[in-house]
Amino acid sequence: MRPALTLLEYTLRNLTRYRSEFYGSVTEPLFWALPAVLLGYWGEQLGLLTTFAETTGTARYAAYLLLGAVYWGYVEAVWSLAFSLRGAMRSGVLESLLVTRLSRLGMILAWSGARLLGVTVHSVLAIALVVGLAGWPGGAAIGQMLLVWALSLIGSYGLAFVLFGLTLRFKDAESLLSLVGNIAPLVGGVFFPIALLPRFMQIFSLAFPFTYGVDALRALWFGGRSILPVPFQLAVLGILAFAYLILGWWAMGRFERLARHHGLEGF
Amino acid sequence: MIELRDVTKTYVVRERVGFFRRSLRREIPALRGVDLQVQPGEFVGLLGPNGAGKTTLLKIVATLLLPTRGEVFVNGIDALRHPARVRRLLGVVLAGERTLYWKLTARENLLLFAGLHNIPGKEARRRAEGLLSLVGLKEFANVTVEKFSTGMRKRLAIARALIHDPKVLILDEPTSGLDPHGVEDIWDVLLALRERGKTVLMATHNMLEAERIPTRLLIIDSGRIVADGTAAEIVAKSGAKSVALLTLDSPPSLLQGVSLHANEDGTYLIPVPLEELPAHLAPIQSQGKRILNVEIRESRLWEAFLRLTGKPFDDLSPSKGEE
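Residue numbers (this note's numbering), protein chains in the order written: chain A, 1 to 267; chain B, 1001 to 1323.
Be aware that one or more of the hints could be misleading.
[What the hints assert, rightly or not] Residues on chain A that point at chain B, a partial pick, calculated with CB under 10 Å: (1) 6; (2) 7; (3) 9; (4) 16; (5) 90; (6) 97; (7) 103; (8) 109; (9) 113.
It should be emphasised that the hints constitute simulated quantities derived from the structure, not laboratory data.
As the structure is a prediction and not an experimental result, all values here were calculated from the model.
All residues carry an ideal CB built from backbone N, CA and C; glycine is no exception.
Build the full structure now, drawing on both the sequences and the hints.
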């Protein structure tokens, strides 16, 4: 445990030394909040955009987007740790890390832990805005929402394992990571319900655990219908999340072995 | 302590050839059936030209690379089956200077890697201070690595590799790219480690370093170990004699039994056995080539290397590795 915690501590310390990036990431929540403030608060609460607000229900949509962004922020923080791996490859420290007692799982937990802490800091303002715009969902719903959050992170770790292994083996995996990062929120219903997607794309959406996660989260907070009845949806999310986790772990082991045959260097 | 049995490594690369960009599979042998034993307390140098297989061999021992065939043991532990157990025994310094976190200070780098080796905080701080003194960086402990010179970074990398007091230290060309003062500083550290009886396996590109630092030397060429012994033993076995290094302004026509090495500054270097120098001077001068410099290398390891490998050494330029 000490190796992983040490890597987490120094990863955070190292992040603060890249000042422009650090301050950029700290101010990121302000940009998240801007649409909600413009559309939800100015528009619907103060009535400055009355006609637009009446037509579109902007406060609820702003809350809908913000909650989706927070959820996706957590999911992405985990699987995008492959960027941390890539960064370690580029900077040349990866092999130095690999010859320590730090396990692969420890490395993944430390890097994702640093990213999750960052997302938590970012999310405070966004969650406060969601509460302001859509009200407090109640204690019972919060419990179920935490379950959704935990299962989604488990699924995201499955995806992270695959991407970690792919990055180890093929090194130049940025384009793949960017592709996943751009397509997944669209397919997963982060910005709009998946019912609006073409039929063939909905097949992909339904194989994606995060589709059920974000949908269940909104149904629990805002009320309204979910894709499936909530208990059943949570069960599907759980099954998919653990399936992703197991398959991801297996795939990472295979890719890592291939990487050790070919060598880990190369940029 | 370290044992390699019949270790073979073949890299497979794919090339696109021909008009239709057909994919062609090509095998590149890096190591060919290497057998090696390093005893506790030995300081073993691995000397070879570029592409000889030095780094591949070190990476296999360091568990970073799997061999195509063969077995590797460190302290009797099978490195291929139990890499995590073997890593606890090894301190590794790989080539290149970006093996540290540049935005962290020297002390922070050492404390980070101490934590990664599961060393508790208080003990880690004690070891970090001792190692900073050993490598002469105590007064720079709170300076970020990005402000260090190449030599300071290399010294810090050695300290980092020693933070968990490993049984075996693996060094890949620790003095490459350093100026003479930097080389001297690293040699001081290496000699201190030799005095302490640390087991070290070190790849080197520096002939003088190969002669001075290791207690035992291996010459590796095309994936095979072609000589094993002390520097003096290797020279004696090869029948090598002193070498004259001729620097020419342009390449001469091929001379029998002589290799030609192109320098970066556009000049050419020809190493010839000292006793054969007069025989080679005449044909060079008759071709109208200008001899810019003649340097006599007392070190007979140069010629032993040439005799054993039949190749010029990359580090032949006269000023490299010199004090």
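query: Going back to the hint list, which numbers does this structure go against?
result: Checked against the structure, the hints that fail are numbers 8, 9, while the rest are satisfied.
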